[in-house]
Amino acid sequence: MSDLQDRIRDTIEQEPVVAFIKGTHEQAYCGNSDRALQALRGVGAGFATVDVLPDPRIREELSALSDWPTIPQVFVAGELVGGADIVQELAMTGQLQATLEEKLGEAWRRPGDERTVSVTDGPGLRVVPTG
Amino acid sequence: MSERLAGLLHVAFPDASEVDVVDRTGGGDHFHVTVVDASFQGLSLVAQHRLVYDALTEPLGDGTIHELRITTRGEA
Chain H
587 MSDLQDRIRD TIEQEPVVAF IKGTHEQAYC GNSDRALQAL RGVGAGFATV
637 DVLPDPRIRE ELSALSDWPT IPQVFVAGEL VGGADIVQEL AMTGQLQATL
687 EEKLGEAWRR PGDERTVSVT DGPGLRVVPT G
Chain D
38 MSERLAGLLH VAFPDASEVD VVDRTGGGDH FHVTVVDASF QGLSLVAQHR
88 LVYDALTEPL GDGTIHELRI TTRGEA
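Chains as they are written, first to last, in the working numbering: chain H, 587 to 717; chain D, 38 to 113.
No lab work stands behind these hints, which were simulated from the structure alone.
Computed from a prediction, not measured in an experiment: that's the story for all the values here.
Mixed in with the good hints, there may be bad ones.
Using 20 Å as the maximum straight-line C-alpha spacing, the simulated SDA-like pairs for lysine to any residue come out as follows [unchecked claim]:
(1) H:Lys608 - D:His67
(2) H:Lys689 - H:Gly630
(3) H:Lys689 - H:Pro640
(4) H:Lys689 - D:Gly100
(5) H:Lys689 - H:Gln600
(6) H:Lys608 - D:Gly100
(7) H:Lys689 - D:Leu97
(8) H:Lys608 - H:Ser649
(9) H:Lys689 - H:Ala663
(10) H:Lys608 - H:Lys689
(11) H:Lys689 - H:Arg627
(12) H:Lys608 - H:Gly632
(13) H:Lys608 - D:Ser81
(14) H:Lys608 - D:Ala84
(15) H:Lys608 - D:His103
(16) H:Lys608 - H:Pro640
(17) H:Lys608 - H:Gly680
(18) H:Lys689 - D:Ala84
(19) H:Lys689 - H:Arg595
(20) H:Lys689 - H:Asp596
(21) H:Lys608 - D:Leu97
(22) H:Lys608 - H:Arg643
(23) H:Lys689 - H:Glu675
(24) H:Lys608 - D:Ile102
(25) H:Lys608 - D:Arg106
(26) H:Lys689 - H:Gly632
(27) H:Lys608 - H:Glu700
(28) H:Lys689 - D:Ser81
A few chain D residues facing chain H, derived, Cβ under 8 Å [to be verified]:
(29) Val59
(30) His86
(31) Arg87
(32) Leu88
(33) Glu104
(34) Thr108
Glycine residues also receive a C-beta, built at the ideal position from the N, C-alpha and C atoms.
Required output: the full structure, derived from the provided sequences and hints.
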């Protein structure tokens, strides 16, 4: 068990909604990552993002942990909800909102509450300040 | 390349009522695959997509697939 995998697991367990993407909440560098964020935004969810691009090991350790080979990966209350296609489909059918409600109660409605956290810098999590 | 992916999907889902592979960009690395199979009924979307990923482990692993979109359904 590597420190990195520990930090990834901690992030998944501690963040109510977290999306592992290519890029940040302000700038996704991949159409699929962007689609996942747009789906979350579209239903008014707050979320954290983790950028997998700074270190290829993030993606390797994440996929080993989640048994999901591609990016993005969206977790709600510690559980993998899906990649871009699933999250988008669930948002369209209303099931994403239902899942968020079921797992997090009313607290999931935090439109605009978006931030990017790092899993690679030092012990614990570092919140990247944004304008 | 679409044929290779379709072949792998047909092997993994021999009873599928629909297997479709679209090369989204024509470049042979951005694909949208659709699999409709009655055996998906009762499975979560995550579980359904995992089965598709399992079928495409090789082209996902060797870099053939740069981007993959997946649509699955348990019935037509």
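- [ ] Could you tell me which of the numbered hints above are not met by this structure, giving the numbers in increasing order?
- [x] Numbers 3, 4, 7, 10, 13, 14, 17, 29 and 32, in rising order.
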